[in-house]
Amino acid sequence: MKRIYALEDWCIDCKRCEVACKVFHSKSKDPVKAFLFEQPRPRNRVRVEGNRTLSIAINCRHCPAPKCVEGCISGAMTRNPETGVVTSNPEKCVGCRTCVSLCPFGAVTIEEGPRHPIAFKCDLCGEVPGVPGSPSCVAACPNRALIYVESEGN
Amino acid sequence: MLDYVLPRYRVLRDGDLCIQCGVCERSCSNEVHHVDEELGRVTANNGACVNCQRCVVMCPTQALAITRWPQVDSGSANWTLETMQDIAKQAQTGAVLLGSMGNPKPFPVYWDHLLLNASQVTNPSIDPLREPMETRVFLGSRPEILKVNERDEKLSAPLPPQLRLDVPLMFSAMSFGSISLNAQKALAMAARELGTFFNTGEGGLHRDLEQYADCAIVQVASGRFGVDPHYLGVTGAIEIKIGQGAKPGIGGHLPGEKISAEVSRTRMIPQGTDAISPAPHHDIYSIEDLRQLVFSLKEATGYAKPVAVKVAAVHNVAAIASGMARAGADIIVVDGFRGGTGAAPRRIRDNVGIPIELALAAVDQRLRDESIRSTVSLVAAGSIRSSADIVRAIALGADAVYCASAPLIALGCHQCQDCSSGKCNWGIATQRPDLVRRLNPEIAAERVVNLVHGWTHEIKEMMGGMGINAVDSLRGNRLMLRGVGLNEKELEILGVKYAGE
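Read top to bottom, the protein sequences are chains A and B.
For what it's worth, the numbering used here labels the leading residue of the first sequence as 1, then goes sequentially.
For what it's worth, the numbering used here labels the leading residue of the second sequence as 155, then goes sequentially.
Do not take every clue at face value.
Said to hold, decoys possible - Which residues of chain A face chain B? A few of them, derived with a C-beta cut under 7 Å, are:
(1) 14
(2) 19
(3) 53
(4) 105
Unchecked claim - Covered by chain A, according to a simulated footprint, are these stretches of chain B (three or more residues, beta-carbon under 8 Å):
(5) 170-178
(6) 594-606
What the hints assert, rightly or not - Derived CB-CB ranges, DEER-like:
(7) B:262 / A:8: 48 to 54 Å
(8) B:428 / A:8: 29 to 35 Å
(9) A:41 / B:216: 19 to 25 Å
(10) A:91 / B:211: 56 to 62 Å
If you are wondering where the hints come from, they were derived from the structure by calculation, not from laboratory data.
Even for Gly, the Cβ is constructed at its ideal location relative to N, Cα and C.
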């Protein structure tokens, strides 16, 4: 499957990926509405860690044998066997944080949900959960520090 | 002391569009923008803005634009705001004013007064999409007579070494130190792909770029930084830099803070020391001395590669060029006053030198008059802005052109003329690791290659329109040019007729 890889050599800590991610995962898909008006506030699923000299975008690797799916106690975190995309169902998530503690990449975060805090993670910008779209963080990166490429393992 | 210097620019932020994401703050090495969470708005320190436009390009909502500082001047056409600000700056610092890039003053741009010809009825134009067009040129000295063994269909004597350029342009000298390694690498990668050459400038050849050495021209300048037999041996050609269009008559000064470990190793000087290139070569005080250096370099490299000599376009450039040809230079490079620089005293940049168009025409004519034009190659440099400028330069007599500002603009440069601060937000004219990494050479090389491909298509279109199918047939073909808005003297020096003639 195609996966997003982050290249720390070229990450410049601009966080345009975070902006694009938040906008894509908003209701309006409009940056001004997404950042200033929408409630509940849309969440970005990619996040840049580090500083100006060394930074990297932390993003889900959509592992072939995902620990988050293995550890999920509510069946919210699933991996689509056809596409390999790992997504979290906000309706089922109980916010137990098992996925957060199991993820080797720190790619799952717990943020405010409609009723209680729930897990948020990259869904490869699919319109339908489990079906990859065209990742907006990759398109927004000005320095090709995020690449979306075919990789080994399903 | 109270600072009398006014800001030059003002940040215009559209409050309706700003989402306070902080991309501008993180993009600015001059620390202009600040997301003030307490106030819930983004503020700007306008005085620090240099108008590099990085924030404008990076802003995800296009909420930013940079405008001039709205202060009116005194109302005097003599004491303009700029003139008075320069005085205020010098009154405060007591220092020489520094500037970067080429002469920005409104001197005439002669390219814009030269129009190209096209075929109509009496001779056919050529469609470059249907018929072959040759953009390849060779640079080097030519023998006066070509002796051919007609029976074997071979040359009786070997030709002097030639540089093969698939497109009639090369990337002019920019040293590692004045520009970042990523910028130089991008040009090296582009030169390889385009079948042309990049020039290392006076900064030596970084070991990471040795893989591109066959498309490099290395410079031997007055500081002799980075020069050793290996440096001379691995490259395509050697260039002796006598002068630079942006700052004729003076040397160079790369301050110690830009001499990082890598720059130090490449230049072969101690880390942190100033790299000072003297104004003259201390072993060149005459054409005869130049001849000695030319032949020392040829001797050192077994007469296997051409030696170029680069001079700034100055008042008697034609006579100088004639001397250079006689001193054994295979390629003569003339650099006009609009050519760029990483740093130059502003008064020198703005007031010294002459336009490349006039210098090129004068040099070509002088060499022709002395019947030595065919023995050397002539390269024009100093702000070639488009494919049309290349066509005009070739028609005025150049074999090829050197181009640097335009490829830098392709890399992201917005001509803010603040290279000397070392804080280039585009990762070009800086050695700061956090800024250098902003320029991914892979993307940068693609952009330069795209630019040159575009230009090459346009050159073919323009030549085709004239009914010419090879750059070789356009060279020195001044009948393809007509002047507009020029006086008799200008036409005479340019060697072109007025439009309508």
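- Message: Given a cut of 7 Å on the nearest C-beta pair, is the interface hint for residue 19 of chain A held or broken against chain B?
- Response: With a minimum Cβ separation of about 5 Å from chain B (threshold 7 Å), the hint on residue 19 of chain A holds.
- Assertion that chain A covers the region 594-606 of chain B - criterion: three or more residues, beta-carbon distance below 8 Å: Since 3 is at least three, the answer is holds.
- Query: So does residue 428 of chain B sit 29 to 35 Å from residue 8 of chain A, Cβ to Cβ?
  - Reply: Given range 29 to 35 Å: holds, Cβ gap about 33 Å.
- Do the numbers back the hint for residue 53 of chain A, that is, is its least Cβ distance to chain B under 7 Å? Constraint on residue 53 of chain A satisfied, holds at 4 Å.
- Task: Using the beta carbons of residue 262 of chain B and residue 8 of chain A, state whether their distance is inside 48 to 54 Å or not.
- Result: holds, 49 Å
- Verify the interface restraint on residue 14 of chain A: the C-beta must sit less than 7 Å from at least one C-beta of chain B. holds, 5 Å
- Task: Take the C-beta atom of residue 91 of chain A and the C-beta atom of residue 211 of chain B, compute their distance, and say whether it sits inside 56 to 62 Å.
- Result: At 40 Å between Cβs, range violated.
- Query: Against chain B, with CB atoms and a cut of 7 Å, does the hint on residue 105 of chain A hold up?
  - Reply: violated, 22 Å
- Query: For the region 170-178 of chain B, does the count of residues with a C-beta closer than 8 Å to a C-beta of chain A reach 3?
  - Reply: holds (count 7)
- Note whether the CB distance of residue 41 of chain A and residue 216 of chain B lies within 19 to 25 Å or breaks it. holds, 22 Å
Violated hints, in rising order: 4 and 10; the structure is consistent with all others.
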